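Given only the sequences and the hints, what does the whole structure look like? Please build it.
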Amino acid sequence: LAKTTQPISMDSYEGQEVNITCSHNNIATNDYITWYQQFPSQGPRFIIQGYKTKVTNEVASLFIPADRKSSTLSLPRVSLSDTAVYYCLVGDMRGNTGKLIFGQGTTLQVKP
Amino acid sequence: NAGVTQTPKFRVLKTGQSMTLLCAQDMNHEYMYWYRQDPGMGLRLIHYSVGEGTTAKGEVPDGYNVSRLKKQNFLLGLESAAPSQTSVYFCASATVMNTEAFFGQGTRLTVV
Numbered sequence: 001l002a003k004t005t006q007p008i009s010m011d012s013y014e015g016q017e018v019n020i021t022c023s024h025n026n027i028a029t030n031d032y033i034t035w036y037q038q039f040p041s042q043g044p045r046f047i048i049q050g051y052k053t054k055v056t057n058e059v060a061s062l063f064i065p066a067d068r069k070s071s072t073l074s075l076p077r078v079s080l081s082d083t084a085v086y087y088c089l090v091g092d093m094r095g096n097t098g099k100l101i102f103g104q105g106t107t108l109q110v111k112p
Numbered sequence: 113n114a115g116v117t118q119t120p121k122f123r124v125l126k127t128g129q130s131m132t133l134l135c136a137q138d139m140n141h142e143y144m145y146w147y148r149q150d151p152g153m154g155l156r157l158i159h160y161s162v163g164e165g166t167t168a169k170g171e172v173p174d175g176y177n178v179s180r181l182k183k184q185n186f187l188l189g190l191e192s193a194a195p196s197q198t199s200v201y202f203c204a205s206a207t208v209m210n211t212e213a214f215f216g217q218g219t220r221l222t223v224v
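Chains U and D, in that order, are what the protein sequence lines are.
Quick note, the first sequence lines up with residues 1 to 112 if you use the working numbering.
Quick note, the second sequence lines up with residues 113 to 224 if you use the working numbering.
Source of the hints: derived by calculation from the structure; they are not laboratory data.
Bear in mind the structure is a predicted one, so any value in this text is a computation, not a measurement.
C-beta: ideal position from N, C-alpha, C; glycine also.
The reader is advised that the hints may include incorrect statements.
Cut-off 30 Å, straight-line C-alpha distance, at most; resulting in silico cross-link-like pairs (DSS-like, lysine-lysine) [what the hints assert, rightly or not]:
#	chain 1	residue 1	chain 2	residue 2
1	U	52	U	99
2	D	183	U	99
3	U	52	U	69
4	D	121	U	99
5	D	182	U	99
6	U	3	D	169
Covered, in the sense of this in silico footprint (three residues per stretch, anywhere, with C-beta under 8 Å from a C-beta of chain D), are these stretches of chain U [stated by the list, open to error]:
#	region
7	44-50
8	100-111
For each label pair, taking beta carbons as the anchor points, the in silico distance ranges come out as [stated by the list, open to error]:
#	chain 1	residue 1	chain 2	residue 2	range
9	U	14	D	183	38 to 48 Å
10	U	19	D	130	45 to 55 Å
11	U	30	D	152	27 to 37 Å
12	U	77	D	152	19 to 29 Å
13	D	195	U	53	44 to 54 Å
14	D	207	U	59	19 to 29 Å
15	U	77	D	126	47 to 57 Å
16	U	11	D	138	33 to 43 Å
17	U	74	D	152	19 to 29 Å
18	D	152	U	19	20 to 30 Å
19	U	23	D	172	17 to 27 Å
20	D	211	U	19	20 to 30 Å
21	U	53	D	192	43 to 53 Å
Structure representation (structure tokens):
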């Protein structure tokens with residue numbers, strides 16, 4: 001399974017765009033990149049998933065360069081309610097192993 | 113449609129006692145997972161299952177056992193609880209294609 005590296009913490013202010021980068025140097029050909037969000041005392045929640053280039057949904061955008069060795073989660077115009085831990089996961093979409101491994105995550109603190 | 117339900121939500125055990133945590137999902141998912149999360153830490157995979165009747169070890173399986181006799185249920189057992197097992201336990205389920213995992217609300221376990 002590809003190992004991921006993220007910043008431990010980040011600070012931002014309301015209304016700003018936040019970019020969280022995840023490194024996954026040994027990503028495999030069949031691996032997808034998935035991001036989860038976790039609020040205190042809750043289970044993680046799926047945000048976005050992608051394989052290459054750019055993916056956008058109503059919550060965030062995911063940018064993946066051509067070499068796929070890193071990815072960037074972009075949160076537009078954050079609010080206080082976006083304060084949470086964000087996890088980057090890399091895994092095989094075919095689900096051959098079934099494993100779902102979380103790293104330490106990035107704690108985002110949004111300030112007023 | 114309840115999603116993923118964990119029972120119980122809170123429990124206090126004495127050292128050496130045993131207990132079983134129940135995870136139930138109503139989404140017909142193949143994959144199910146048990147994680148533990150200690151304060152300020154990320155989620156660590158204890159055991160997982162890729163289908164009814166199957167189980168596999170995760171990152172931190174020692175001291176825990178699991179069973180998946182029915183597709184919708186995944187049980188986590190502690191045979192002889194230790195204070196080091198004080199944690200919040202999360203269950204999750206996902207489809208075979210591993211696109212999005214759904215998490216339960218967590219079980220807060222304290223071993224004294």
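Okay, the hints, checked on the actual structure:
1. In summary, the hint linking residue 52 (chain U) to residue 99 (chain U) is supported, as the alpha carbons are separated by about 21 Å, within the 30 Å threshold.
2. For the hint linking residue 183 (chain D) to residue 99 (chain U), the alpha-carbon distance of about 17 Å falls within 30 Å, and the restraint holds.
3. Note on residue 52 (chain U) and residue 69 (chain U): the hinted pairing holds, with a Cα-Cα distance of about 10 Å set against a maximum of 30 Å.
4. Between residue 121 (chain D) and residue 99 (chain U) the alpha-carbon distance is near 25 Å, which keeps this suggested pair within the 30 Å criterion.
5. Proposed proximity of residue 182 (chain D) and residue 99 (chain U) is supported: the alpha carbons are some 20 Å apart, at most 30 Å.
6. Restraint check for residue 3 (chain U) and residue 169 (chain D): satisfied, since their Cα atoms lie roughly 18 Å apart, inside the 30 Å limit.
7. For the region 44-50 of chain U, the stated coverage by chain D is satisfied: 4 residues place a CB nearer than 8 Å to a CB of that chain, which reaches the threshold of 3.
8. With a threshold of 8 Å between beta carbons, the proposed coverage of the region 100-111 of chain U by chain D holds, since 6 of its residues qualify and at least three are required.
9. Taking the beta carbon of each, residue 14 (chain U) and residue 183 (chain D) are about 44 Å apart, inside 38 to 48 Å as hinted.
10. Checked against the hint of 45 to 55 Å, the pair residue 19 (chain U) and residue 130 (chain D) passes, with Cβ atoms roughly 47 Å apart.
11. For the pair residue 30 (chain U) and residue 152 (chain D), the beta carbons lie near 33 Å from each other, so the given range of 27 to 37 Å is met.
12. A beta carbon spacing of about 28 Å between residue 77 (chain U) and residue 152 (chain D) agrees with the range 19 to 29 Å that was offered as a hint.
13. As the Cβ distance of residue 195 (chain D) to residue 53 (chain U) is approximately 48 Å, the hint placing it in 44 to 54 Å holds.
14. For the pair residue 207 (chain D) and residue 59 (chain U), the beta carbons lie near 20 Å from each other, so the given range of 19 to 29 Å is met.
15. Separated by about 49 Å at the C-beta atoms, residue 77 (chain U) and residue 126 (chain D) satisfy the suggested range of 47 to 57 Å.
16. Distance hint for residue 11 (chain U) and residue 138 (chain D): a CB-CB separation of about 39 Å, consistent with the stated range 33 to 43 Å.
17. Take residue 74 (chain U) and residue 152 (chain D): their Cβ atoms lie about 26 Å apart, and the range 19 to 29 Å holds.
18. Between residue 152 (chain D) and residue 19 (chain U) the C-beta distance comes to about 24 Å, which sits within the given range of 20 to 30 Å.
19. Checked against the given bound of 17 to 27 Å, the beta carbons of residue 23 (chain U) and residue 172 (chain D), roughly 24 Å apart, stay inside it.
20. Checked against the hint of 20 to 30 Å, the C-beta distance between residue 211 (chain D) and residue 19 (chain U) comes to roughly 24 Å, which is consistent with it.
21. The hint said 43 to 53 Å for the Cβ distance between residue 53 (chain U) and residue 192 (chain D), and at roughly 51 Å that hint holds.
Of the numbered hints given earlier, the model fails none.
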